[in-house]
Amino acid sequence: MSNRVLKILVPIISIILGLFVGAIVMWMSGYDAINGYIALWHGIFGSSYSIGETIRQISPYILAGLAVAFAFRTGLFNIGVEGQLIVGWFAAAYVGMAFELPAFIHLPLALLAAAAAGALWGLIPGILKATLRVHEVIVTIMMNYIALHTVNALITTVSDGSYKIDRIQKTASLRSEFLSNLTDFSTLHYGILIALLMVVVMWFILEKTRTGYELKAVGFNDHASQYAGMNVNKNIVLSMVISGAFAGLGGAMEALGTFGNISKMGGFTGIGFDGIAVALLGANTPLGVIFGATLFGSLKYGANNMPNAAGVPVEIVSIVIALIIFFVASGYIIRVLLNRMNKKKEAK
Amino acid sequence: MSFLDLLYFIVPATIAYAAPLIFTAIGGVFSERSGVVNIGLEGLMVMGAFIGILFNLLYADTFGSWTPWIALLVAMAVSAVFSLLHAVASISFRADQVVSGVAINMLGIAIALFSVKMIFGKGQTDLIQKKIPRFDVPILQDIPFIGPMFFKSVYGSSILAIVVALFAWFVIYKTPFGLRLRSVGEHPMAADTMGINVTKTRYIAVVISGALAGIGGAVYAITTTNDFGHATINGQGFMALAALIFGKWHPIGAMGAALFFGFAQALAISASKIPYIQDVPTVYLHILPYVLTILALAGFIGRANAPKAIGQPYIKGQR
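Here the protein sequences line up with chains X and S, keeping their order.
Taken in order, the first sequence gives residues 5 to 352; the numbers are from the working numbering.
Taken in order, the second sequence gives residues 27 to 345; the numbers are from the working numbering.
Derived DSSO-like pairs (lysine-lysine); straight-line CA-CA distance at most 30 Å:
| no. | chain 1 | residue 1 | chain 2 | residue 2 |
| --- | --- | --- | --- | --- |
| 1 | S | K342 | X | K348 |
| 2 | S | K342 | X | K11 |
| 3 | S | K226 | S | K200 |
| 4 | S | K156 | S | K178 |
| 5 | S | K334 | X | K238 |
To be clear, the hints were calculated from the coordinates, so they are not data collected in a lab.
So here's chain X without its partners, still in its complex pose:
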């Protein structure tokens, strides 16, 4: 079986296995799995309203997925997308609230602030990795917690002790009456266009620029890249910064589009962590990320329909997502099994 086919088959088999084991879990817990999945399906596609909400949910997932995938391509594992997303969320919400500017300056400024905040949060592990060879996984995990606590403290400061900051000005909003009307008054906003634009940006950087070529080369083999005269350290920092900027924009989706402000968080949003799954499923390609994000955004939003329509707790979808990650990560064993099946076929 060719490598290309395997690359597409492994994620698909993983999704099927994940849904299948999820069904077994539901069945063993005394729920009706078929009703559960029907409720999920209706939750996603049941009405133009739910389709609008699903697409709205997909936007931050695309950006989180791009962030993880971009770092992956350079051989880096950015678990810090969650933290970068949180600081981006805060930066966008703050700029959106604090300034009074015409919309054509205000909205780009708020988006830029989010990207810059995320980039800054990626810069630190990037520099530590490039100069001191500190492993980025642990640093980015720690940066997540630093982001969570810092942003919570900043919210208190900015709002004079309240648990949330004031809503953003209309001039910084991504809200769209047109998209909303189109989807039966859902909260769908222009964020999806920005997310799709960023998919193109990532594709362009990776495939059409010299920097992109170097980034990929470093990801394949940093020793060889060094030998070929590339500045590996510079590329590591750059990759983390770009990755963080994508993640920060993911936060801007929530700040400027969905919620219009930021409240203190008791825990993580989970979007950043799900971004890992999105990137894995999408084989770290820009196009793949769209598919991965569509799947996870749909599952996450559609799951909200499961408790009412089928009595199944929402968390079943988190179980399914975690299982899918397990199966994708264990792709080795799936490849082995597929190859074995293939050989048997050929022998016949």
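Let chain X serve as the given structure and place chain S on it in line with the hints.
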């Protein structure tokens, strides 16, 4: 509050907050010493906390005052079994150990919350009635100064944590199993050549980490929060991971780091009562453990030496 009162308050609180971290970090030491990264400690703790609370609620009438202790054992067993998922994926299926750990974290919280909704019909369990008792250590508590700090109203689980840390040091550095464990983490091929079963050793190490993280999570839930919800374990697993790195993959070092992080937590919670500290915004105390870990990794606090083969699946015959 006088300085002495302060010490009498902050030292026991430090130890109480440190105990779950000690258990979990020691578990992490076993796993990582064998060469398997365990980012999943958080998820394993969540599972332990959930099972600990669940058992406590269901069987409090049956076992009476023994309930919290048996709950610890059950939590240990369930988390050990749960950690097998990480072991199978990362050792046998050659999954990326970090990705597998992330999946463990997501799965742990998802299964626990799914079960809570299923059993209790709401997002949070009831409060438990049978907590781990505090007791005064006879004779020792009468020692002036030290007695009230270390031996008055301590949790039995805290003492157990310190015993486990010392025992882990003995196992890792003084027994044949410990030698095998370390060799598998440093150079699995050499270990394999010497007839050590790399796969088996790593499986045992990961299961030990699951067992100890399960106890850690259960201790945290049964002593500190007394119920289980989505935010019961909120970063303690990652703090334990930080403690094990800060402690340079050494059981006693990990215990020391856990005690320090426990101190930071105790300080953050009681900051408003302490002169000088009350002027420091609590956010600095909250992020202290994480910042310190980054500094430790960056080598500002002495170089940390991770096991050499950490993160790499061992593939027989591959050089």
